Structures are given as structure tokens and as C-alpha cells.
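Student: Each chain is listed here by its residues.
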Amino acid sequence: MDFDFAGELPKLVQLLTGIAAFLVVVALIVLLVDSVPMRWRAWSHATVLLTPALALLAIGLVIPAVRTTVLSFLDGDGRKWVGLDNYAWMFTQPDALIVLRNTLIWVLLVPILVTSVGLVYAVLVDRTRFESIAKSLVFLPMAISFVGAGIIWRFVYAYRSEGQEQIGLLNQIVVSLGGEPRQWLQEPPLNTLFLIVVMVWIQAGFATVVLSAAIKGIPAEIIEAARLDGATPLQMFFRVTLPSIRSAVVVVMVTQSIGTLKLFDIVRTMTGGQFDTSVIANEMYNQTFRYQELGQGSALAVFLFVLVTPIVIYQVRQRREAVR
Amino acid sequence: MTTLTQTVARAGAETAPRRVRRRLSGRIASAVAIAIAVLWTTPTFGLLLSSLRPEDQIKTTGWWTFFADPQITLENYQEVLFGASSSSGQMMSFLINSIVITVPSVLFPLALATFAAYALAWVPFRGREWIYIGVFALQIVPLQMSLVPLLSFFSQGVDLFGVQLLPAWDLEGPERFVQVWFAHTCFALPLGVFLIHNFMSELPGELMEAARVDGASHGMVLRKLVLPLVGPALATFAIFQFLWVWNDLLVALIFAGGTAENAPMTVRLAQMAGTRGNEWQRLTSGAFVSIVIPLIVFLSMQRYFVRGLLAGSVKG
Numbered sequence: 001m002d003f004d005f006a007g008e009l010p011k012l013v014q015l016l017t018g019i020a021a022f023l024v025v026v027a028l029i030v031l032l033v034d035s036v037p038m039r040w041r042a043w044s045h046a047t048v049l050l051t052p053a054l055a056l057l058a059i060g061l062v063i064p065a066v067r068t069t070v071l072s073f074l075d076g077d078g079r080k081w082v083g084l085d086n087y088a089w090m091f092t093q094p095d096a097l098i099v100l101r102n103t104l105i106w107v108l109l110v111p112i113l114v115t116s117v118g119l120v121y122a123v124l125v126d127r128t129r130f131e132s133i134a135k136s137l138v139f140l141p142m143a144i145s146f147v148g149a150g151i152i153w154r155f156v157y158a159y160r161s162e163g164q165e166q167i168g169l170l171n172q173i174v175v176s177l178g179g180e181p182r183q184w185l186q187e188p189p190l191n192t193l194f195l196i197v198v199m200v201w202i203q204a205g206f207a208t209v210v211l212s213a214a215i216k217g218i219p220a221e222i223i224e225a226a227r228l229d230g231a232t233p234l235q236m237f238f239r240v241t242l243p244s245i246r247s248a249v250v251v252v253m254v255t256q257s258i259g260t261l262k263l264f265d266i267v268r269t270m271t272g273g274q275f276d277t278s279v280i281a282n283e284m285y286n287q288t289f290r291y292q293e294l295g296q297g298s299a300l301a302v303f304l305f306v307l308v309t310p311i312v313i314y315q316v317r318q319r320r321e322a323v324r
Numbered sequence: 001m002t003t004l005t006q007t008v009a010r011a012g013a014e015t016a017p018r019r020v021r022r023r024l025s026g027r028i029a030s031a032v033a034i035a036i037a038v039l040w041t042t043p044t045f046g047l048l049l050s051s052l053r054p055e056d057q058i059k060t061t062g063w064w065t066f067f068a069d070p071q072i073t074l075e076n077y078q079e080v081l082f083g084a085s086s087s088s089g090q091m092m093s094f095l096i097n098s099i100v101i102t103v104p105s106v107l108f109p110l111a112l113a114t115f116a117a118y119a120l121a122w123v124p125f126r127g128r129e130w131i132y133i134g135v136f137a138l139q140i141v142p143l144q145m146s147l148v149p150l151l152s153f154f155s156q157g158v159d160l161f162g163v164q165l166l167p168a169w170d171l172e173g174p175e176r177f178v179q180v181w182f183a184h185t186c187f188a189l190p191l192g193v194f195l196i197h198n199f200m201s202e203l204p205g206e207l208m209e210a211a212r213v214d215g216a217s218h219g220m221v222l223r224k225l226v227l228p229l230v231g232p233a234l235a236t237f238a239i240f241q242f243l244w245v246w247n248d249l250l251v252a253l254i255f256a257g258g259t260a261e262n263a264p265m266t267v268r269l270a271q272m273a274g275t276r277g278n279e280w281q282r283l284t285s286g287a288f289v290s291i292v293i294p295l296i297v298f299l300s301m302q303r304y305f306v307r308g309l310l311a312g313s314v315k316g
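Going down the list, the sequences are from chains A and B.
full-length UniProt numbering puts the first residue of the first sequence at 1, with every later residue one more than the last.
full-length UniProt numbering puts the first residue of the second sequence at 1, with every later residue one more than the last.
Just chain A, same shape as in the assembly (with noise of 0.2 Å):
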């Protein structure tokens, strides 16, 4: 074996460090909260309870979000004001062109897809002998980081050129009826369609839990009455299922929203963005960290906070409404 297990030694030293560090820090809390007296007032314990993650919230977020956002009305190196043209550049770059109209069909097919897939599976298993395996089965690929996906997919779309044996599964079943092996990932616009199916294969498993659970709800009573009137099961699926779940499918596109806009791992991990398959998050780790471009960057990042922010509040009034 040449691994070199003492080589790593100073890394479990530094796992240890810090968890002591931190348990002192916690200790100090707790004593301190127990050292107020109670009969001060309360603001005088809610201080030392919230300042530590209020601290890192401000450090972590507030202060970084401003800065990100003035960056982003500065130049590459981040200091003479150029007003709106790192704006104008996305807006007007075919590159950038290319970056927003993926992140569009993005973020339009994967909440479509997901749901609908997750809604017909939810529905299809919903009380059969094997629900809780055939669920466990879908829902498994939410434990894979994405990365770990962008692999297993590349794998499916791996190709060899024709006359070779195919190794790939997608172009073995295309060879064996007949077609000619492809090159999936290189061949815009196709090759977005192939990376949102990693995502879609992700994410089905959360739709259908979540839309699965929200199908148990449905009253008995209801379900009941459309039985004996007669209803089909596909009239019961848009008569009474649907209508009766609309909020939890609402809240699955949402959420599904959300993650797609900020989705970065799968485009880098099968394409590098490469073949016109960019997107906004991907784009804005390329101008930033690799090409230096602070302001694109940076305008890249504040408009996707744009993009997340009335789908988040949405979602916030979907969840107030939800718990009434």
C-alpha cells in the first residue's frame, strides 16, 4: 500500500482542534447565559443566545451580499466605477446570450419535469404492496451529490465511434435499433435536454415523497364519492387528485425553481460549459475565479439573486397559506 497514513495525521489533529474550539465557545455560552440573572431583563439573554449566529450571518452574508452588489457596478479588478456595463454585457453578449436563454429553458423544463414525473409515480405506487421500496427507489438519487450524478450520467452517454462496442448505455440501445452512436454532451442545443435529465433524475425522488404524502391527505370521503359516481381513474387523477394536492405541487415547482437557478455541479462537473451549455451560476464561478472578471461576475451573482427573490417570497406566502 503506499498510502501515507501518517501524512494525513495533522489533518485529524486540526479536526480535533477545532471541534475543542468550538466546544469552549459553546461552554462560554451557556455559562454566560446562566451567569445573567434572571430578573434582568430579557434582551440581556437573548444577546448572548443570538449574537454568535447573528455575528456570522452579518460576516457571512448581509455584509458580502452589499459588497457583491457594489462589485458589481465596478470593473474586473473591482476599482473604477463603470456604472451599468457589466449589465449591458450580459444583455448583449452572445456568450451571455447563450448562458441566460440555458438558464431559461433550465428553469422552465426541471420544475415541469420533475413534478409531473414525481406526480405520476406518487400516484401510480400510492397504496400498492411495494409503495415504500418502489418510493425508497426514486427517492435514493437525493443522497448522490451532484457530481456524483454528473458521473453516473456521463457514464450512461459515454461514446465510442462507430464499429467500436458501444460502452455507454444510451448509445448501445441507440446502436442495437439501428442508429449511429452520438456524441450527447457535444451537440448543442440537445445537449441541455441531456443534462436537465441528470437533474430531473435527482430531484423525481423528492417531488414524489413530498407529492406522495400530500395524496395521503386527500379526505377518504372525497375519493369515496368519486368512486361511486363512476369516475375513472384518469377522471379521479384530474378531477380529485389534482385540484385536492394543487399547494404541495405548487410548493415542489418552487422549491424546484429555486434549486435550479443556483444549480452549478452538474454543467460543470459534464460539460466545464462547454458546447453552449452554460449557465448563470456556472458562468458567474467562470468570469469571477477564472477569468478575473469581478464585475461580470458580480453582476452575474446579483442577478440571480433577482431571479431567486420573488420566486422566495412566493414561496414564503405559499408556506404561510399552507399552514392555515
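Derived from the structure by calculation, the hints contain no laboratory data.
A quick note: this is a predicted structure, and the numbers were derived from the prediction, not measured.
A hint or two may mislead.
Footprint (simulated), chain B over chain A, 3 or more residues, beta carbon under 8 Å [said to hold, decoys possible]: (1) 10-24; (2) 61-67; (3) 92-106; (4) 155-162; (5) 272-284.
Part of the chain A face toward chain B, derived, beta carbon under 7 Å [claimed, not checked]: (6) ALA42; (7) LEU124; (8) ILE144; (9) VAL147.
To list a few chain A residues with every Cβ distance to chain B over 10 Å, as calculated [stated by the list, open to error]: (10) ASP4; (11) TRP201; (12) SER244; (13) ASP265.
No residue lacks a Cβ here, since even glycine has one placed at the ideal position from N, Cα and C.
Once you've looked at the hints, dock chain B against the given chain A.
Tutor: Below, chain B alone, put in the same frame as chain A:
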């Protein structure tokens, strides 16, 4: 549960012709369900099977030929985990990094979010509604918006109007993990506070009252009363955070760098996919190593995870 049994009982009472019709449409339905299940399982199964095949076979024949010519080896795993050459994968180092990154990145936000959630739920001070709404609203900020400034905080420190709030960190070697922990902790807090607060605020108020009348401090109430009761909520958040951190690529790429010194497995896999996209024997076994730990956690804690998912998405 009662509605379920009721429905089942009623379904049993339906007339014979209707049952026949249901069976028929049931058959098509089963076929579609099975097709989806197969479609969802096959890609992972293919990856697992491939990772166990000898290198020359992976590269020349499809994994389905395994059934005609079964050959199994652990050599790919040996190579990708323990190989010393830079092209081999060195996954063991990255696996250790993943663990070193993930454990604190779950524990830190878990503890801090619990403190904050308790204060927001059970310490009656003015303005707590506003603070809660503020923390909740921070979920709007996409990760991408805070990456660049946070990175510069680490390298240059934080100063506000000329006052140095935090010194520059300039961490090297194993100390660089601290950056990743810090970033993950910050990013996890809004959701953590939200989830745990939701659960905590539903605890019966009389319980807290009674304890306070007996002279218990907030620290005592939190430790003795609240913590044991909110176990499921903590578990839910811990699993969410574990899966999120373990599977994360973006945060790690930026705050941990790309070397065996600090980077987790996701970073290494993404690199290998980019530069060694045809070394399938390493990619398949490497990917499987990175998948297997979250899968174990996921399968054993699925109950909590689903409960948290439903609480977070349907009920809120």
C-alpha cells in the same frame, strides 16, 4: 392512518365488474411504475457494476456484458483510494478531507442555530419577531452573492468604515479547513434557525412557565427541557446539512482549493471528470466511494429526512 384503513376497507366492498376494470388499468399503471423505477435505478447500478470490473473490460465493453462474462476485481478501488501517483486519484486523502470538512460544518451551525432558535422562540424580548423575519429572509441571498467578499474577508480581514473588525486569516495547510467550516456555518444558519425554531415554538408554553417558576435559568431550560424534546428537529437539520456539505462542490472549490491537502472528494471527482474523462475505472470507483457514505446515512436516517422534508416543504 385511520383514513387509510377506512379506504382500504371500502375498496374491498366494491362490485366485481369495477374490480376487473381497476385490475386492467392497474396493469398498465404497474408497467409504467416499474419502468420509472428501472430507469431510476439502472444508471447507479451500471456505475457500481462497472467499478468492480477490470480496467480493460470497462474501457472496451459495456457493463451489461458482465452478465455474459462475469469478472470482478477490487483493483480499481485499491488504485483510486490508495494509489500514490498523481493520476491515480488519491481518493483516500480527499475522503479524509471530506470527513474533516463535514463533521464541524454540521456541528457548528447545529449548535449556534439551536441557541438562536431558543432565544427567538422562548426569550420574550422586544423586536424578536423582526430578528426572526430578518434571519428567515436571508434565505433569499444566493450563495453566489457572498463568495467573493467572504474570500476577501479571509485574505484581507473585515473592516467597516476604517475599523478593523476581523484580522486577515491567511490560513495555510490544515488550518485552511477553518475557512470552509466558517463558510458552511454562515450559509447554513438561516435554514437551521428556521427549521429548529419552527419545532421549538410548538413546545407547550406551560412547561417553560413551570420550569421558570421553579427558578430555572434559560440555560437550564434549554439543556434539561428543550433539547431532549427537539431531538427529531435537530436530527433532521443535521441530516440535511450533512448531505448538503458532503455533496457540495462550489463552496469547497472556492474555500478549500483544489489539492489533496484540503479539497473534498467532490472537487477531486470534478477534476478527474474534466481531465481524465475517459479513465472510467477511476471515475466509476471514485464516484462510488463518494456516494456510499451519504447513501448509508440517508438510508439509515431516511425517516427523519422525509419528516424534515415534509415539514420544510408542505407544512412549513
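Student: Now tell me if each hint is right for this structure.
Tutor: Evaluated hints:
no., hint, result
1, 10-24, "holds (count 9)"
2, 61-67, "holds (count 6)"
3, 92-106, "violated (count 0)"
4, 155-162, "holds (count 3)"
5, 272-284, "holds (count 3)"
6, ALA42, "holds, 4 Å"
7, LEU124, "holds, 4 Å"
8, ILE144, "holds, 5 Å"
9, VAL147, "holds, 5 Å"
10, ASP4, "violated, 8 Å"
11, TRP201, "violated, 7 Å"
12, SER244, "holds, 13 Å"
13, ASP265, "violated, 4 Å"
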